[in-house]
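Engineer: Each chain, written out:
There are 2 protein chains.
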Amino acid sequence: MYSFHELVKSFADKFNQKHFPAEPKTLYEPGEYVLQMGGKRLRPVICLMANELFGELTPDAWHVANAIELFHNFTLVHDDIMDAASLRRGMETVHHKYGTNTALLVGDVMAFRCYDHLNKINTSYLHRTLSIFNTMARQVCEGQQLDMDFEKQSAVSLNDYIHMISLKTSVLIAASLEMGAIIGGASDGNCRHIYEFGRNLGIAFQVQDDYLDAFGDPDKFGKETGGDIRQNKKTFLMLHALEVATAAQKAELELLQAGNTPDKVEKVLSVFKACNVDEWAKKLKEKYIQTSLQHLESIAVLSARKKPLLELTDYLVQREN
Amino acid sequence: MYSFHELVKSFADKFNQKHFPAEPKTLYEPGEYVLQMGGKRLRPVICLMANELFGELTPDAWHVANAIELFHNFTLVHDDIMDAASLRRGMETVHHKYGTNTALLVGDVMAFRCYDHLNKINTSYLHRTLSIFNTMARQVCEGQQLDMDFEKQSAVSLNDYIHMISLKTSVLIAASLEMGAIIGGASDGNCRHIYEFGRNLGIAFQVQDDYLDAFGDPDKFGKETGGDIRQNKKTFLMLHALEVATAAQKAELELLQAGNTPDKVEKVLSVFKACNVDEWAKKLKEKYIQTSLQHLESIAVLSARKKPLLELTDYLVQREN
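Those protein sequences? They're chains E and B, same order as listed. Just so you know, the first sequence maps onto residues 113 to 433 in my numbering. Just so you know, the second sequence maps onto residues 113 to 433 in my numbering.
If we strip away everything but chain E, and leave its shape as in the complex, we get (with noise of 0.2 angstroms):
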């Protein structure tokens, strides 16, 4: 068996190379730019490695773990058109270095050389494998509407957040365990179980990617935290705030987000923490960490050999107990 690191290393190896043919350059050329930024290609490993839970990595699951890989660049590259957004990894966005029409199309043609690569599978697991990405495709892009629909609503309750993080990112690495496992040969029970490891897993890494941007670290975090305070984002912190505050701390929340003062972030967090949110919040993750885990646990295969997708729990989130 191979290590979550060992796996994220082969993977990178195999990935990047050219994915398209040559001509038409003006299509193409934007193609590879936006495959060769990198990223941790996180979602193909854990294909692999829910893969491996069953027995020894199979090509077929080689070829999955492409498509997603493809998949994810696809959103990326549309979602960067859509939020109009100049930089990712600190390079410039297809959009804004080729124009919005050839990124429209790079998406596109990215989107179905997902399919190329999914029809690479045996047969006897490409309906249900099909079956599958088609789902959490359609589902990844009823989270972006979703998405972007909150941002122009005033009030979004908590439970219409989760289900919108929920489609919008955690169902993608859901369905990459599912399709790996499915590949593997893993039962319908087992199938269901690891889908909802990664889900949950999923939702309690968005909680924790909110907590950070407001309560981080930064030196640890990796970037300046308050960004989304200081955009008035909607996050799991402001929206369970705006439910449980009082009606003088709501009015002070939303008098903050309607100005931009040099205080901003500091005055938020310091409503934020009157009402308990950091608190609430850990405990938010923890619950989703715990039944994630439980998903993982009643996987019917030895124990030894969920030591990967342990390992990559641990690199996901950090657990408080």
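The reader is advised that the hints may include incorrect statements.
Which copy is meant is left open, so a pair is good if it fits within one copy or across any two.
As the list claims (entries may be wrong) - Calculated lysine to aspartate or glutamate pairs in the EDC-like style (CA-CA distance at most 20 angstroms, straight line):
{"id": "1", "residue 1": "137", "residue 2": "261"}
{"id": "2", "residue 1": "137", "residue 2": "263"}
{"id": "3", "residue 1": "399", "residue 2": "321"}
{"id": "4", "residue 1": "394", "residue 2": "329"}
{"id": "5", "residue 1": "137", "residue 2": "259"}
{"id": "6", "residue 1": "335", "residue 2": "398"}
{"id": "7", "residue 1": "264", "residue 2": "141"}
It is worth saying that the hints were derived from the structure and are not from the lab.
Once you have looked at the hints, place chain B on chain E.
Structural biologist: The following block gives chain B in isolation, referenced to the frame of chain E:
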């Protein structure tokens, strides 16, 4: 066997229903909107016709036909964004009505929905059908990119233009036929012929479209002529004219393109006629029709079964002899 017009009606009856879940409404209402715009639904129908060429119409051909019509609508939604078009079939385009970001996602979700339909077909045809569909989708994206590239270039060769048209519009017709044929159990040779029948017919149709926009009878053509000339569009006619014109004629065309005088259309047409562009275009169309019909002729089935495809040919292109 069904006639071409019977299949048009049957497909429209089956296709005109809801295609997406109810929620999120902000995503799927625009999705239903574009599908309800109608259109002739020609491409899925020719898939059904190709299927029936080899035997009884099969349920799988209907699944593929659905995928084809969804794919075609996906291209319309994304192309309208790229062309900044505000109207299609007399109705507001999706991005104009619902915003560019939503239109982008509507196109994406429609592209993935194609594969839900493809995934319903019998396993024995799945790999080959996916392979044709994926290749076609990639080529259509390439064609759209080349079309955008050409609009920015001063000189485009006729061969490059034919290559672009083949990718942008003909391969969808060709692939629709080939997928229908594969599901009908056609041999490799018959599949190749039906693909080439469609690809050449598609090019003939485009030559005719360019011809009618310049020389057509507005009453019969259904829209005002001269639009391509007024917009300086690169067409079969203009590219050929620029290739065969004398230095003086070429200078006149370039001068006319640089301005927008009231007599622009009339003057360009007179250069076209002086260069025999009209006769040349008729011959070019005829050449592609003949090639197309030779491929239809070469398909090894009873002639009687080819009647609907001949009806289709007559519907799409008016033959000179």
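Engineer: If a hint holds in the structure, say so; if it does not, say that too.
Structural biologist: Tested hints:
| no. | hint | result |
| --- | --- | --- |
| 1 | 137 to 261 | between (36 angstroms within a copy, 10 angstroms between copies) |
| 2 | 137 to 263 | between (37 angstroms within a copy, 16 angstroms between copies) |
| 3 | 399 to 321 | within (15 angstroms within a copy, 63 angstroms between copies) |
| 4 | 394 to 329 | within (15 angstroms within a copy, 73 angstroms between copies) |
| 5 | 137 to 259 | between (33 angstroms within a copy, 13 angstroms between copies) |
| 6 | 335 to 398 | neither (23 angstroms within a copy, 65 angstroms between copies) |
| 7 | 264 to 141 | between (35 angstroms within a copy, 18 angstroms between copies) |
When the structure is compared with the earlier hints, a violation turns up for hint 6 alone.
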